[in-house]
Amino acid sequence: MVEMVTLTVVVLYCVLLIAIGSWASKKIHNSEDYILAGRSLGFWVFTILIVASICSGMTLLGVSGLGYAAGWPTIWEQIFVPLSAAFAIIVFGVKLNHVGTQEGYMTIQDYFAHRFESPRAMRGLSAVAGIIVSLIYLIGQYTAISIILVWLFGIQHWQALLIAGIVITLYTTIGGLYAVSWTTLFQGGILILGVLIMAPLVILQAGGLTSINGALAEINPNFVQPYMPAGAPAFTPEFLVSFGLLLMIGLACAPHVINNVLAAKDEKYFRWSPVIAFAVYAVVMFLVKFTGFAGRSLVESGALVLPEAINAQDFILVYSIQLVSSSVFVWAIFAVIVLAAVMSTTDRLMLTVGTMFGWDVYRNILRPSASDKEVLMVSKVSVVAAAGGTLLLAVNPPPMLAWLIWMGIGVMLATFAVPLLAGLYWRGATRQGAIASMSIGLVSAGIFGYWHQYVAALPVHFSFYALVLSFVAMVAVSLLTAKNDSGILDSTCTGWFIQPK
Amino acid sequence: MFGLPTITTILVGGTVLLAVLVLLIWALTFREAA
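Chains as they are written, first to last, in this note's numbering: chain S, 1 to 501; chain X, 1 to 34.
No lab work stands behind these hints, which were simulated from the structure alone.
Glycine included, C-beta positions come from ideal geometry on N, C-alpha and C.
Do not rely on the hints blindly, as some may be mistaken.
[Unchecked claim] FRET-style restraints, in silico, Cβ to Cβ:
no., chain 1, residue 1, chain 2, residue 2, range
1, S, 366, X, 10, 24 to 34 Å
2, X, 22, S, 12, 39 to 49 Å
3, X, 17, S, 231, 43 to 53 Å
[Stated by the list, open to error] Covered stretches of chain X, as calculated for chain S (at least 3 residues, CB under 8 Å):
no., stretch
4, 2-8
5, 12-23
Okay, chain X solo, but in the shape it has when bound:
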């Protein structure tokens, strides 16, 4: 994709997606201190 080797697309794209996913999970499970 984008004229890149598959491994580059997967590693870079995968890391970004993973980071966003982790941060979204953080947001959805966040609870305020009482």
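Chain S extracted, bound-state conformation:
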């Protein structure tokens, strides 16, 4: 009975997604429609797309799991991650959307190539770095989807992957960003409503916030403090500073997040979109975190028993919801919520990889004479290839996978943050400075990440060291080399201001 109801709801959900994709495919006439939805995204579609691209399924399970494991010191994650949405919109979005519309940018690489007068080196370097990190992320997302489907239906890991992979690839390939953004609006709506309904039930079941905090304080007095004491492995005040930078800026400049700002229809959306994205995301994530706290208190009182597993904490959300409601419908809808969270990130990542290859590598580097139809075709084929390749890796995940996924966002921060910020806000940033900063960030993030994991633990997040090196490289090399043409600096709105005049 439970399986039948859940199966029906999940199948209905997938059919609806494909229907949206098929409707969207009729709107695709050229590569601009495919890559940027014809720059036509309305206020809510745009705002929810930014939020849902950042929010993945592992965010839901991981956020509550971390709350379960370490209490209040982990709450900062719920402030910095929603802030990354606002940061992306304000600090990158306002200028990039303005210049992008005027200059016809299709991807963020178009900006790099134009601003730094480097049509091949900067474009190639940033596209390849973006593709690598997005692919690593993608493997992690597929693994998350299959974990959920395996729980729900007891089917084989590879079957779960195949089903989810086919559904997402289908609507992403045929409908491009139109399909991705409209399915995301639908998925985001389900996610927000679902969490708003279910989290309070779990919190009430555990006796309310005051009682939950009392229970947390009894387990470990540090669980109700704003940070862990010096000497703890994570969440000390200095760790939180590097963690905050990592989440707020690193997620904001991730290719699957930042490219969305080019697709908004109207510049005036950037007025209210930051505060709405922050508020919606923060409410949802605080509730998910509180569910993790509540789960801990329920486990402590013996009302809930977690399975014996290394990552038992990641099961807390699922088990808590199972405890408060025995209704099969609630269970089925919960399944769809987690799927919605994972799928809304996965489809955006696949499209990003496809367009970075089709537009930046193929159209702008390998074959500049390619027709628009050809570019569209190559982009679609790359989406399918990215899905196929990462699915194969997810079926048999390499032993280094967990380390690689965890590396992903740190590499993103170290590679893209400095060239983007310096490019947009410092007229002295030069092509050589950008190339040096990007390559040193990329390489040193790999080295420090490896060092932290396999040699000796670092006191703050590894990406912080790479970010500092990338910054130093940008400043030092830029000061030693000739400035970019001032005409280009003007047309890319470069300077110490956010809003173009």
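Using the hints, position chain X against chain S.
Coordinates of chain X only, in the frame set by chain S:
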């Protein structure tokens, strides 16, 4: 409040309020490019 130490309530609550305030100020002072 909520059974939390005062410092936790102030730091966490204060940061959220500050973030919302900054974003509201942003929205109210936003002007479109000509």
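Q. Residue 17 of chain X and residue 231 of chain S, beta-carbon distance inside 43 to 53 Å?
A. The hinted range 43 to 53 Å is violated for residue 17 of chain X and residue 231 of chain S, with Cβ atoms some 31 Å apart.
Q | 24 to 34 Å as the expected CB spacing between residue 10 of chain X and residue 366 of chain S, which holds or is violated | A | With a Cβ separation near 56 Å, residue 366 of chain S and residue 10 of chain X fall outside 24 to 34 Å, so the hint is violated.
Q. Residue count check for the stretch 2-8 of chain X against chain S: does it reach three with CB-CB under 8 Å?
A. holds (count 6)
Q) So does residue 22 of chain X sit 39 to 49 Å from residue 12 of chain S, Cβ to Cβ? A) Holds, at about 42 Å.
**Q.** 8 Å C-beta criterion, at least three residues: is the stretch 12-23 of chain X covered by chain S
**A.** holds (count 6)
Hints 1, 3 from the list above are not met by this structure, while the remaining hints are.
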